[in-house]
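Enquirer: Next come the chains, spelled out residue by residue.
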Amino acid sequence: MNNAKFKRTDSREFTSAVVSTERNSIKIEDNEINVSDIPLDNPITGTVYGTLMNFQGALERLGDAVNDKPYLSPPVAPVLYIKPANTFNRYGAGIPVPENESNLEMGASLGIVIGKTAVALTEETAMNYVAGYTIVNDVSVPHASLFRPAVQHKCRDGFCPIGPWIIDRDELKNPDDVIIRVYINDELKQENSTNNLIRPVPRLLVDVTEFMTLSPGDVLLVGVPENAPLAKIGDKVRIEIKGIGSLENVLVDEKSFSGGATQ
Amino acid sequence: MRKARISFDGTIHEAFEWEGRLKLDDGRIVEEREVEWLTPIIPRTVFALGLNYADHAAELAFDAPTEPLVFLKGPNTFIGHHGFTRRPADVTYMHYECELAVIIGKTARHVKKEEAYQYVKGYSVANDYAIRDYLENYYRPNLRVKNRDTCTPFGPWLVYANEVSNPMNLKLTTHVNDKLVQEGTTADMIFDIPTLIEYFSSFMTLSENDVILTGTPKGSVDTAVGDVVVTEIEGVGRLVNTIIGDESFLNR
Numbered sequence: 001m002n003n004a005k006f007k008r009t010d011s012r013e014f015t016s017a018v019v020s021t022e023r024n025s026i027k028i029e030d031n032e033i034n035v036s037d038i039p040l041d042n043p044i045t046g047t048v049y050g051t052l053m054n055f056q057g058a059l060e061r062l063g064d065a066v067n068d069k070p071y072l073s074p075p076v077a078p079v080l081y082i083k084p085a086n087t088f089n090r091y092g093a094g095i096p097v098p099e100n101e102s103n104l105e106m107g108a109s110l111g112i113v114i115g116k117t118a119v120a121l122t123e124e125t126a127m128n129y130v131a132g133y134t135i136v137n138d139v140s141v142p143h144a145s146l147f148r149p150a151v152q153h154k155c156r157d158g159f160c161p162i163g164p165w166i167i168d169r170d171e172l173k174n175p176d177d178v179i180i181r182v183y184i185n186d187e188l189k190q191e192n193s194t195n196n197l198i199r200p201v202p203r204l205l206v207d208v209t210e211f212m213t214l215s216p217g218d219v220l221l222v223g224v225p226e227n228a229p230l231a232k233i234g235d236k237v238r239i240e241i242k243g244i245g246s247l248e249n250v251l252v253d254e255k256s257f258s259g260g261a262t263q
Numbered sequence: 001m002r003k004a005r006i007s008f009d010g011t012i013h014e015a016f017e018w019e020g021r022l023k024l025d026d027g028r029i030v031e032e033r034e035v036e037w038l039t040p041i042i043p044r045t046v047f048a049l050g051l052n053y054a055d056h057a058a059e060l061a062f063d064a065p066t067e068p069l070v071f072l073k074g075p076n077t078f079i080g081h082h083g084f085t086r087r088p089a090d091v092t093y094m095h096y097e098c099e100l101a102v103i104i105g106k107t108a109r110h111v112k113k114e115e116a117y118q119y120v121k122g123y124s125v126a127n128d129y130a131i132r133d134y135l136e137n138y139y140r141p142n143l144r145v146k147n148r149d150t151c152t153p154f155g156p157w158l159v160y161a162n163e164v165s166n167p168m169n170l171k172l173t174t175h176v177n178d179k180l181v182q183e184g185t186t187a188d189m190i191f192d193i194p195t196l197i198e199y200f201s202s203f204m205t206l207s208e209n210d211v212i213l214t215g216t217p218k219g220s221v222d223t224a225v226g227d228v229v230v231t232e233i234e235g236v237g238r239l240v241n242t243i244i245g246d247e248s249f250l251n252r
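From first to last, the protein sequence lines stand for chains A and B. Under full-length UniProt numbering, the residue at position 37 of the first sequence is numbered 37, and the numbers go up by one with no gaps. Under full-length UniProt numbering, the residue at position 54 of the second sequence is numbered 54, and the numbers go up by one with no gaps.
Since the hints were derived computationally from the structure, they do not count as laboratory data. Using N, Cα and C, we set each Cβ at its ideal position, and we do this for glycine too. Keep in mind that the hints are not guaranteed to be accurate.
[As the list claims (entries may be wrong)] Cross-link-like lysine-lysine pairs, in silico, BS3-like; alpha carbons within 25 Å at most:
1) K171/B to K218/B
2) K23/B to K3/B
3) K121/B to K171/B
4) K242/A to K189/A
5) K232/A to K189/A
6) K255/A to K113/B
7) K255/A to K106/B
8) K255/A to K112/B
9) K189/A to K236/A
[To be verified] To give an idea of the chain A side of the interface with chain B (calculated C-beta under 7 Å), a few residues:
10) P70
11) V79
12) A85
[Unchecked claim] If we take Cβ atoms under 8 Å as the criterion, some of the chain B residues that face chain A in the derived model are:
13) R44
14) P75
15) N76
16) R140
17) S207
18) R252
Isolated chain B, as found in the complex (with noise of 0.2 Å):
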């Protein structure tokens, strides 16, 4: 079962797969195209990964970590599906980063890794979006690269962790206007999703719609004003954003 959230004639509903459209929580049918799509849950606290596959961290020229390097992102950056991702005007490197989300179902703390599946309630696609620009060497990656508005869209669908035999085993791809630019998959994390649970709940009580957005595989390049981005995971979803410019926030 695949479930979103969706605004549909000046209202907010949940919203189920449907033979290609959506059958909303009143029971209308709807089109996916009259709908705008809101982030598939409410996120709590969100964990994002940096450099969690090694050819990323190559790329970057970083040696891959030897534990979990993670960043919090808070509420101001999220964004649903068909949403828009601004780029200002004075950057030079923006990139997008196709990553699965791991949505966490109940309170979890102290889990082993034989356990931690238990506490998934399912996934989704994020694009954790970084404008390099702004990198400080301080707690970095500093929340002025990760956590700007517009910056971290998410969705469409919270998939139901029964859907996703493997989560570990998912081809990743992102399209900028149609063509491919990043593929990998799942099963080159660094660390894994029961390894990430595990982790976190030895330090910290994670609860019901925390996220862990688990980076991104190698294949960032540069996007413009304009650009339609698609990352896409496999038998998750296909998450589509566009970047645009300065000139639509100029009245501020």
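Only chain A is shown next, with the shape it has when bound in the complex (with noise of 0.2 Å):
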């Protein structure tokens, strides 16, 4: 059992509370109950950052044409892109799949969440401005090109659940060495680990720093990884990292989506 918090749609506040992130249930006084049957918000209050290409695959896929046109050559510093807060949704809500859309990309990511202000860290005390993790559901429109920002593609109202809950940072001992599966219809799709991240956490959030403050409640991802699995309307789409949990969503019509978050 681990310590985590979490927020009930039904509450403005955050409740702080023992769960099993394996059975994906939350005790509550002598009783578990599973995180289907508590009516769970996104549990984010500040600015959702995604950064693009911090898995090796991810980057190798594009192979030599980082070097040609229009990339030149490969990525620098970070590349980040914003989740904006329409794209928020929540823990067993729809994903609405747009009109002229018939398969999405499952963008699984582990959500740093940002504990105290965080302004150009150093690798030595990075891990302190960190309150805990969660699971992100990074969804995007596929689209082949990185030159443009691809706010098309990856803005989409209720693009991007987050939960079940946060887990407590020292809940985890090496948030560089996580497994992440994601399952569509209960079938493995995709299983990666963030030992294969280009920067792992701690370095990650010292490139950022250096140009942008993260503040309390942000969310920084630390990357989606290669072959993003592809769903479509009716998939029932899991994504699991060890340590933290499961976050569970279905695919539905852009018709009948109203609205993943309550804020």
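Each of the two chains sits in its own frame; use the hints to bring them together as a complex.
Expert: Encoded structure:
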């Protein structure tokens, strides 16, 4: 059992609790309740920043193209993007599939939740600024070119489920060695590990806070592994991150979507 | 009506323009120089347009885009009127960008151009600084260029929409140390305000206090530590900013 905090859709406050990351359940008084039976809200209060191509395999997939037009050279600094508030979604809610799109990429990422104002960090102390970890599904409309910001592909309503909770930092021994698995309709479609990160968590925090401040409640995604699985309307997607838990959502027709997060 | 958010005597107030002075929400009248200016609203999602004026696109050696080139900004980058923007010591090319900011007033989804202005609460001025040394060709312009702390002055006022009769015909200017360096008109935008609202709301929901920074015309030149940069839009506001160097930030 691990210490975590979560947010219910019917409360403004966070609740601290003891959870089971294997059984995806929360201990409330003497009962153990499955997260599916609790109306969990997105546990995020700040800005969500994604990191592009921070898995070795994601960069390798571009191959020699990194030296050709339009890229001209491999990336030097972290390439970030923002998942804006309209994308926030919660555990168990539908992910709306836009009209004219058939398959969406399920971008499984470890989310680093910031605990205190982080400016120009050093590797030695970077982890002191982390409050905990969560699971993020950075949903995208598939797009081949990485030249221009992918707002139309990444910023649709409901395209960022987050949850089920924030696991306390000290519960995860090493964020640079956790297994991430993606299941579609209970079938394993992807497995990778954060030991394949180009910038491990402390390094990423250093290189990001060199040029911008991260604030308490902000979330920095460590990156999405290469070959993100595709899913279509009706599919159930579950992202498991060992030591954190699992995040489950179903893809629905955009027309039936009525908003994920309450904020 | 035009409204500001300011700090005065240790607390935050809304303030209204009052015969060249400021009338605070508690009834006090104060001089503009007595207050600390904050951003006129707390922005929610902020969109910024790249290459939205044909002359600026040509200046940067790009063809004018056929669909809006847009990137997002986080809350860390915004500062108010009379604020200070940091120029790192090692950079060679940091330029201002005077932009009309459109502030959304209510939830907008699938809005048609013809109705788009109904969703606008008002306007302000933004200075969307860029440090070109940090440009990389992935999700360009990347956040390291465009989302740095202190690099987006915003204000002074929220000018309500009914005070701006034609936002698509406003003169923009930038002065550096009183010298005119940038001049243009919002009439030259490639994608005008109704088109942008239709475009964004076609694939995502806009909400109150979302902000669209509509791009900048030609006239970008390098700025130096100590420069006073004034971005001004006719009828909307005059936003003053000063460039400072690394030496103020040594104790990090």
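Enquirer: Run every hint past the structure and note whether it holds.
Expert: Evaluated hints:
1. Straight-line distance between C-alpha atoms of K171/B and K218/B comes to about 13 Å, which keeps the hinted pair within the 25 Å bound.
2. Taken as a hint, the K23/B and K3/B pair is honoured in the structure, with Cα atoms around 10 Å apart against an allowance of 25 Å.
3. Between K121/B and K171/B the alpha-carbon distance is near 20 Å, which keeps this suggested pair within the 25 Å criterion.
4. Our distance criterion of 25 Å between C-alpha atoms is met by K242/A and K189/A, whose separation comes to about 16 Å.
5. Taken as a hint, the K232/A and K189/A pair is honoured in the structure, with Cα atoms around 14 Å apart against an allowance of 25 Å.
6. Note on K255/A and K113/B: the hinted pairing holds, with a Cα-Cα distance of about 22 Å set against a maximum of 25 Å.
7. Restraint check for K255/A and K106/B: satisfied, since their Cα atoms lie roughly 21 Å apart, inside the 25 Å limit.
8. Annotation: proposed proximity of K255/A to K112/B holds, straight-line Cα distance about 18 Å (limit 25 Å).
9. For a cut-off of 25 Å, the pair hint linking K189/A to K236/A stands: about 12 Å separates their Cα positions.
10. For P70/A, the suggested interface contact is upheld, since its CB lies about 5 Å from the closest CB of chain B, less than 7 Å.
11. Look at V79/A: its Cβ gets to within about 4 Å of chain B, closer than 7 Å, so that hint holds up.
12. At a threshold of 7 Å, the smallest CB-CB gap from A85/A to chain B is about 6 Å, leaving the interface hint in force.
13. Using the Cβ-Cβ criterion of 8 Å, the hint placing R44/B at the interface with chain A is satisfied: the shortest such distance is roughly 6 Å.
14. This hint holds: P75/B has a C-beta 6 Å from the nearest C-beta of chain A, less than the 8 Å allowed.
15. At about 5 Å, the closest approach between the beta carbon of N76/B and any beta carbon in chain A falls short of 8 Å, and the interface hint on this residue holds.
16. With a cut of 8 Å, the hint placing R140/B at the interface with chain A holds, because the nearest CB-to-CB distance is about 6 Å.
17. Interface hint at S207/B: satisfied, since its Cβ lies 7 Å from the closest Cβ of chain A, which is below the 8 Å cut-off.
18. Taking 8 Å as the C-beta contact cut-off toward chain A, the hint placing R252/B at the interface holds, the least distance being around 4 Å.
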